[in-house]
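Chemist: Based on the hints, put chains Y, B and U with the ligands in the right spot on chain F.
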Amino acid sequence: MMGINKNAVQVMAEIVSNKKVGAYNHIVFSVGDIANHAKPGNFVAIAVGGANSAMVLRRAFAIYRTFDKGNSGGLLEIVVAPHGAGSTWLTNQAPGFKVDLIAPLGTAFGIPTQPVRALLVGGGYGSAPLFGLSEVLKNRGCRVDMVLGASTAMKIYAPLDGKRSVNSLTIVTEDGTTGLTGKVTDVLGDIIETNEIDIIYSCGPMGMLEAINQISSNFGVVHQCAIEESMACGIGVCMTCVLPIKGEDGVVRMLRSCIDGPVVDGDTVIWNSKRTIPDGTWGAH
Amino acid sequence: MMGINKNAVQVMAEIVSNKKVGAYNHIVFSVGDIANHAKPGNFVAIAVGGANSAMVLRRAFAIYRTFDKGNSGGLLEIVVAPHGAGSTWLTNQAPGFKVDLIAPLGTAFGIPTQPVRALLVGGGYGSAPLFGLSEVLKNRGCRVDMVLGASTAMKIYAPLDGKRSVNSLTIVTEDGTTGLTGKVTDVLGDIIETNEIDIIYSCGPMGMLEAINQISSNFGVVHQCAIEESMACGIGVCMTCVLPIKGEDGVVRMLRSCIDGPVVDGDTVIWNSKRTIPDGTWGAH
Amino acid sequence: MFNFETSLGQASFANPIFTASGCAGSGRELSQFFELTELGAVVTKSIMLKPRSGRATPRMAETPSGMLNSIGLQGPGIDIFLEKDIPWLRDQGANIVVSIAGESVEDYAVLARKLRSVSGISALEVNISCPNVENRGQVFACHPETARAAIEAVRRNIGGELPIIAKLTPDVTSIAMIAEEVVAAGADALALINTVLGMVIDTNTMRPKLAGKTGGLSGPAIRPVAVRAIYQVHEAMPQVKILGMGGVATGRDAFELILAGASAVSIGTATFGNPTAVMKIKEELKAGLIAHGFDSLKEAVGYAHRVEGNL
Amino acid sequence: MFNFETSLGQASFANPIFTASGCAGSGRELSQFFELTELGAVVTKSIMLKPRSGRATPRMAETPSGMLNSIGLQGPGIDIFLEKDIPWLRDQGANIVVSIAGESVEDYAVLARKLRSVSGISALEVNISCPNVENRGQVFACHPETARAAIEAVRRNIGGELPIIAKLTPDVTSIAMIAEEVVAAGADALALINTVLGMVIDTNTMRPKLAGKTGGLSGPAIRPVAVRAIYQVHEAMPQVKILGMGGVATGRDAFELILAGASAVSIGTATFGNPTAVMKIKEELKAGLIAHGFDSLKEAVGYAHRVEGNL
Ligand SMILES: Cc1cc2nc3c(=O)[nH]c(=O)nc-3n(C[C@H](O)[C@H](O)[C@H](O)COP(=O)(O)OP(=O)(O)OC[C@H]3O[C@@H](n4cnc5c(N)ncnc54)[C@H](O)[C@@H]3O)c2cc1C
Ligand SMILES: Cc1cc2nc3c(=O)[nH]c(=O)nc-3n(C[C@H](O)[C@H](O)[C@H](O)COP(=O)(O)OP(=O)(O)OC[C@H]3O[C@@H](n4cnc5c(N)ncnc54)[C@H](O)[C@@H]3O)c2cc1C
Ligand SMILES: Cc1cc2nc3c(=O)[nH]c(=O)nc-3n(C[C@H](O)[C@H](O)[C@H](O)COP(=O)(O)O)c2cc1C
Ligand SMILES: Cc1cc2nc3c(=O)[nH]c(=O)nc-3n(C[C@H](O)[C@H](O)[C@H](O)COP(=O)(O)O)c2cc1C
Ligand code: FES
Ligand code: FES
Chain F
1 MMGINKNAVQ VMAEIVSNKK VGAYNHIVFS VGDIANHAKP GNFVAIAVGG ANSAMVLRRA
61 FAIYRTFDKG NSGGLLEIVV APHGAGSTWL TNQAPGFKVD LIAPLGTAFG IPTQPVRALL
121 VGGGYGSAPL FGLSEVLKNR GCRVDMVLGA STAMKIYAPL DGKRSVNSLT IVTEDGTTGL
181 TGKVTDVLGD IIETNEIDII YSCGPMGMLE AINQISSNFG VVHQCAIEES MACGIGVCMT
241 CVLPIKGEDG VVRMLRSCID GPVVDGDTVI WNSKRTIPDG TWGAH
Chain Y
1 MMGINKNAVQ VMAEIVSNKK VGAYNHIVFS VGDIANHAKP GNFVAIAVGG ANSAMVLRRA
61 FAIYRTFDKG NSGGLLEIVV APHGAGSTWL TNQAPGFKVD LIAPLGTAFG IPTQPVRALL
121 VGGGYGSAPL FGLSEVLKNR GCRVDMVLGA STAMKIYAPL DGKRSVNSLT IVTEDGTTGL
181 TGKVTDVLGD IIETNEIDII YSCGPMGMLE AINQISSNFG VVHQCAIEES MACGIGVCMT
241 CVLPIKGEDG VVRMLRSCID GPVVDGDTVI WNSKRTIPDG TWGAH
Chain B
1 MFNFETSLGQ ASFANPIFTA SGCAGSGREL SQFFELTELG AVVTKSIMLK PRSGRATPRM
61 AETPSGMLNS IGLQGPGIDI FLEKDIPWLR DQGANIVVSI AGESVEDYAV LARKLRSVSG
121 ISALEVNISC PNVENRGQVF ACHPETARAA IEAVRRNIGG ELPIIAKLTP DVTSIAMIAE
181 EVVAAGADAL ALINTVLGMV IDTNTMRPKL AGKTGGLSGP AIRPVAVRAI YQVHEAMPQV
241 KILGMGGVAT GRDAFELILA GASAVSIGTA TFGNPTAVMK IKEELKAGLI AHGFDSLKEA
301 VGYAHRVEGN L
Chain U
1 MFNFETSLGQ ASFANPIFTA SGCAGSGREL SQFFELTELG AVVTKSIMLK PRSGRATPRM
61 AETPSGMLNS IGLQGPGIDI FLEKDIPWLR DQGANIVVSI AGESVEDYAV LARKLRSVSG
121 ISALEVNISC PNVENRGQVF ACHPETARAA IEAVRRNIGG ELPIIAKLTP DVTSIAMIAE
181 EVVAAGADAL ALINTVLGMV IDTNTMRPKL AGKTGGLSGP AIRPVAVRAI YQVHEAMPQV
241 KILGMGGVAT GRDAFELILA GASAVSIGTA TFGNPTAVMK IKEELKAGLI AHGFDSLKEA
301 VGYAHRVEGN L
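Protein chains in written order, with UniProt numbering: chain F, 1 to 285; chain Y, 1 to 285; chain B, 1 to 311; chain U, 1 to 311.
Calculated directly from the structure, the hints in this document are not laboratory data. Treat each hint with caution, since some may be false.
Some but not every residue of chain B turned toward chain Y, in silico, with C-beta under 8 Å [to be verified]:
1) 29
2) 30
3) 52
4) 56
5) 57
6) 66
7) 69
8) 219
9) 220
10) 271
11) 276
In silico BS3-like pairs for lysine-lysine, Cα to Cα no more than 30 Å straight-line [what the hints assert, rightly or not]:
12) 98(Y) with 98(F)
13) 98(Y) with 280(B)
14) 19(Y) with 98(F)
Only a predicted model underlies this, so the values are computations on that prediction, with no experimental measurement involved. In this text, a Cβ means the ideal position worked out from N, Cα and C, and glycines have one as well.
Bound-form chain F, shown alone (with noise of 0.2 Å):
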């Protein structure tokens, strides 16, 4: 088990900028030296709805990526759905304002030390964090694949640089508004075995990971996935946000997403277990 993440501080962060993309809100924070810590995985966590707020609980958001600014200090993105009312303040919030976020939370994304074949699978605000593991990834020599999925083209985040960072680039989209119409699972096997890919990457919906892990598992492939459960805390304390996790010792355990994860290992994790706890956890009865 993991502790927090420790660079982890808490600050009042300006937001810089806020622009709406596609389905999305891109926001960008002052956030002075957190930039410099934060690793392709990471996420933040920022208090919603201001000084009288009814919403108690902090929202968690992956790191898009992180720019140091020298002097002017370094800088942190976000991409955002309105999905509810905490997303939804956050997007309405105009530059100059500020917010009270903690970050850099939870695990990065593993970075293999020889130059490997990665490709990377994001749904819908989830190929955020992907484009920073790719420049990593790259500057590490790797080879990178993405596939891109949403159901609509509206929802697929794809800036024109985060483009530019991979060395292919395909787009699924369940309308077929954009790119292939389909769902990223179905091309997945063709890219694995013509690029012959070592390990995949994936961050958005649970159902969508799940179904990437089947197909790793089949191919052989290590997979790394970014989850993402209800979080109430994003810093250890109250074990909401738990999943069951088969460790080393073969011993399904409840982790907890925001320290031991967000960014597991695929293999581990027993799929499709919502509302229930499987036989045999850890001190299940």
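Modeler: Just chains Y, B and U with the ligands now, kept in the frame of chain F:
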């Protein structure tokens, strides 16, 4: 017993201007037709805190004055002291923001049919509704003297055009930072005698209203005061804002200050009854 | 055509959105903002035998997402109420549910007798969440015996078809147990929940803020308690209709109580924040039910209880 | 010099701001944000005899000014806890209050025996707001007999000076009555309140949001319930010290609970929204007490109960 002010309507009112004046904020709303129906003494009830607010109740503010701008619609102005979370939130809203506002509410100051000699006494932001009243009285040919008091100069609200609408203005502060040093009640006796006052209109803290009523009784002068009780709804449906008032039949009843007030005849109020039900009140036991 | 009708005991209502007792004045005040006939029913403020001044002020304190009140059942007494308020509401064409409250079992009996022959009333809501002067001021609804006694007194004296809706407090160890008692005693339906007992201390004066010290907590803060109570009682007695209430401020919230088992929903505190809340909630609820594919309100009642695996 | 010290039973604490059980992880996670020695005490997550997976997910739902949780007491069991967590906390120099929970009276007895000789613990918080498997899963603290039995088992087995703080649920008809029972059974102090039973229904899936259906409501929404419970119990037994909790998010809120009768205050849900909430609350409380003219925390405890007329 009265019913709710028959002119009351609920509107989304845009803030046209919001300026700090001493310890207060002078806020102007665009309210359309409401401006034509508001009378001095009436109040507004405003929802505070925005969409995700933990504050579920409206806040009441006396109407400072209204303007009918013809085609461009009516304006309604209030003077707000940042007190707790709700009023502070309101003072922080920028022009262009829309608030949910109900007005005009409550009773108005009674206007004599004959030209009389009136004395208007305001404590703190309680001066606000008196300037509109003064204009109405002047138009009816009344002589209007005004006394404003507060703990300190910053809390005297007396705009220039307001000052011009009265025959005399006496200012009293407890710390002597402006005007005379002392309390409003120190100067009332003299003015009543010298100017042969027929009626006193007052607005301010309950303690001040009670002290004024003592003086008006001694001099046998009519006293109409605008009281300020804690209100949950402002429209007569919750029964939280009651105070004991003696009816024409001599019976004391717990009346709603939001619809039977805020303007009441000072002599009918059973003063200093907070935290008790006066003996003999209708239905007491 | 979507069917919005509902029923409680033998009484039918055109739609399930009611006012909550004590939160709609005499009806007159709200009628300035919308037609009372738009409501499923007006539930009147709990009326007692005699005129009542209510508690001293301060009577209210705002709390996070809620409020505390201790009105103390201020009202004119049953006689004036029947003379002035009921005829007016009847003239408006409003569907009327009368709420009564007593200080003794005998009070409930007398109130029921006074109401038995009054025309134009759809149902009686019996507020038994009030102090019993014969039993050290303990709340009737807090104990099975006193809850039962109050409802039996109404049942024996009301006669005829007028449905009895027993209104319970959540401040008990087992609300399902109290519910079973009052149904056994003759209640046709249940009103859940009354306010939750709370207190606010004014940190300036360093004393309880309310003159009555404790008060009833209402508003969105208590909605999870209401949903839980409704769910538990509907699970224990699915055949008994429930008028749900507690923190409903949107159509989504009303839908939540209905899924838990409420056949109709009363709106209290939300009206203080917004006099037209009931109309907004009614429209949002209807749109939500239709969007979820329901053809009628009745299909949605208690739908959250369906067995796992089912859609 | 302002005196911020407080005590519960025979245990003394440098200041009255504690974490709440189950809301501070193992202490390690928070220690990244401040020194644990800054706290009056760390109250550990309720530990049971055996390892426990806790409930299935979803385990939480945000509610207006609050949240619902059904963690189900996930934890490593007492043996691993004593081996790993306690030594670490002791090394930090933290003042430690250990919280225990059982499924049977015997569980409480065994837990007490395992803890009796452990050094570095200031007090035991006994969470009896958990289901009793020997009694149809009814919560110990809901009934006088089971509440008494659990505390007696701890009393008999703990030996020595370790103060017992019994933690009660507000979901009872009379919390003062349960409080009297557990004090009679040997509790030195009381922890008030545990969460309030609630439910949220997900209106999209139209099912209870939590896998465990019901959950515990916490956060500012329930603060008026906590203040009321503390006030009632302090009124009934002014000599018994209370560790207050429920919805405290600011120094003002902590002061409110202290005025009601709490000698120390635990912070739960507020930490989820802000990991440094405890430090902020501690500073605000101290400043507030001084501003009100108190020379010590102890003078303020229960101050809202002073007779009318007094300052
Ligand atoms: C590690 C992680 C990374 C994420 N990255 C992103 C991202 O990059 N962009 C983005 O748009 N969203 C992301 N999410 C999802 C985002 O946190 C939720 O959409 C958001 O919390 C919803 O809050 P709300 O108030 O809008 O919705 P509500 O549904 O009103 O939220 C109610 C409560 O449920 C929790 N909740 C609801 N949905 C989710 C969810 N999917 N995940 C976690 N908690 C949830 C909220 O935190 C809140 O406590 C991420 C979530 C996690 C856990
Ligand atoms: C008829 C009337 C006219 C008023 N006119 C003005 C005015 O012109 N300018 C101005 O600055 N203030 C005025 N007030 C007072 C103003 O309503 C309160 O200052 C405000 O409600 C405080 O809200 P808050 O959230 O800032 O404070 P909080 O203390 O946090 O409010 C908590 C709760 O108590 C109620 N409350 C607290 N203080 C008062 C109070 N003094 N009167 C009524 N309710 C209160 C609030 O409505 C709220 O429900 C008036 C009040 C009334 C009843
Ligand atoms: C100011 C006020 C007065 C109330 N008066 C009564 C009453 O007279 N009789 C009654 O049965 N319930 C009364 N209630 C309780 C409400 O009818 C309702 O059960 C409770 O407030 C929960 O609903 P809400 O959260 O929508 O307000 C009152 C509530 C409030 C806030
Ligand atoms: C996620 C969570 C877990 C909790 N776990 C425990 C626990 O293990 N033992 C316990 O006695 N109380 C537990 N509680 C209750 C808290 O200790 C506290 O009594 C309650 O939350 C009220 O305080 P708050 O509003 O400050 O959170 C838990 C509360 C929450 C929110
Ligand atoms: S979100 Fe609180 S422990 Fe993970
Ligand atoms: S404020 Fe509700 S009745 Fe007056």
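Chemist: Holds or violated: residue 219(B) as interface residue toward chain Y, Cβ cutoff 8 Å?
Modeler: With Cβ-Cβ at 5 Å, under 8 Å, it holds.
Chemist: Less than 8 Å between beta-carbons is the criterion; does residue 52(B) satisfy it with respect to chain Y?
Modeler: 4 Å, holds
Chemist: Verify the interface restraint on residue 29(B): the C-beta must sit less than 8 Å from at least one C-beta of chain Y.
Modeler: 4 Å, holds
Chemist: Holds or violated: the hint that residue 69(B) contacts chain Y, with Cβ atoms closer than 8 Å.
Modeler: 6 Å, holds
Chemist: Does residue 30(B) meet its interface restraint, that is, does its C-beta lie within less than 8 Å of any C-beta in chain Y?
Modeler: Status holds, d = 6 Å.
Chemist: For a C-alpha distance cap of 30 Å, please report whether residue 19(Y) and residue 98(F) respect it.
Modeler: Status holds; Cα separation ~23 Å.
Chemist: Should the interface hint for residue 56(B) be scored as holding, given a Cβ-Cβ cut-off of 8 Å against chain Y?
Modeler: Holds. Min distance 5 Å.
Chemist: Given residue 220(B) was flagged as interface, is its beta-carbon under 8 Å from a beta-carbon of chain Y?
Modeler: At about 7 Å, which falls below the 8 Å cut-off, the nearest Cβ of chain Y leaves the hint on residue 220(B) intact, so it holds.
Chemist: So, as I understand it, the hint says residue 276(B) touches chain Y; can you test that by seeing if any CB pair is closer than 8 Å?
Modeler: 6 Å, holds
Chemist: Does the interface hint hold: is residue 66(B) within less than 8 Å of chain Y, judged Cβ to Cβ?
Modeler: Interface hint status for residue 66(B): holds (6 Å vs cutoff 8 Å).
Chemist: Hinted pair, alpha-carbon criterion (30 Å max): residue 98(Y), residue 280(B). Please report holds or violated.
Modeler: Roughly 19 Å separates the two Cα atoms, so the pair holds.
Chemist: Against the 30 Å threshold, does the CA-CA distance of residue 98(Y) and residue 98(F) hold or violate the hint?
Modeler: 22 Å, holds
Violated hints: none; the structure is consistent with every hint.
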